[in-house]
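For the sequence shown, this note's numbering assigns the number 4 to the initial residue and increments by one for each residue that follows.
Hints listed in this document are in silico derivations from the structure and should not be mistaken for laboratory results. As the structure is a computational prediction, the values presented were derived from the model and not from experiment. C-beta: ideal position from N, C-alpha, C; glycine also. Careful: at least some of the hints might be erroneous.
[What the hints assert, rightly or not] Quick list of the computed label-pair ranges, beta carbon to beta carbon:
1. Leu9 - Arg46: 44 to 54 Å
2. Leu161 - Phe119: 20 to 30 Å
3. Arg143 - Ala116: 37 to 47 Å
4. Gln88 - Ile145: 38 to 48 Å
5. Arg77 - Glu37: 14 to 24 Å
6. Val76 - Ile145: 12 to 22 Å
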Amino acid sequence: MGNSLLMKTDKSSALNFLIYIQNIFLNQNPNEDELRFPYFSKRIAFKKDFELKYEELWNEVSQKVFDDNVNDVRIFYEEKDLFYQSLFEIDACSFKEFSEIHKTFQVWWNSFAGSFSLERSVDEVGQKLYVDLTNSLSQRKIEPCSELHISLLYDECLLANPEVTSNFAILPVKEFFIKYKDLVRKLQNKLEH
């Protein structure tokens with residue numbers, strides 16, 4: 004049995020923007036030991052049912068990214084109102100705040116410290132993951148059904164379920180380093196089904 008696993012790793016600007024918004028929301032009622040990037044000292048006018056709306060939007064956006072990765076860029080730049088209308092109170096002040104949040108994310112994401120660093124941070128461990136997965140599948144004589152697509156997040160998704168399916172995983176970079184053995188096991192189990 005040859006090595007037939009195809010694995011693609013990339014980063015999603017739309018999903019990472021959702022993490023960015025999630026962290027701003029979580030920082031609204033901070034425990035000083037649990038602050039997340041980015042920190043805004045200003046209170047933002049989020050929807051009252053933010054957590055429910057966030058989960059719905061997460062599911063919608065992650066499905067679009069899974070269906071066609073080209074959607075990702077279009078969602079972030081051309082459909083940015085989707086984020087605003089789903090998660091923020093609709094008024095002139097909150098639109099201005101949202102526009103500033105969108106712009107600060109865009110500046111960070113397009114900088115060397117943003118998306119490029121995120122993707123490059125897992126180069127070496129990503130190669131190790133590929134080798135470990137292919138060896139495990141070969142030992143078990145399992146032929147993967149399709150390509151494994153991994154979309155990287157700069158931080159954990161705490162307000163939705165970033166479910167790993169048999170061929171799509173949305174993973175925070177932290178799992179590659181702190182929970183590597185669990186990550187390998189989780190992906191092995193999904194590729195076997």
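Going through the hints against the structure:
1. Leu9 - Arg46: 44 to 54 Å: holds (46 Å)
2. Leu161 - Phe119: 20 to 30 Å: holds (25 Å)
3. Arg143 - Ala116: 37 to 47 Å: holds (40 Å)
4. Gln88 - Ile145: 38 to 48 Å: 44 Å Cβ-Cβ, so the 38 to 48 Å window holds.
5. Arg77 - Glu37: 14 to 24 Å: violated (34 Å)
6. Val76 - Ile145: 12 to 22 Å: 34 Å Cβ-Cβ, so the 12 to 22 Å window is violated.
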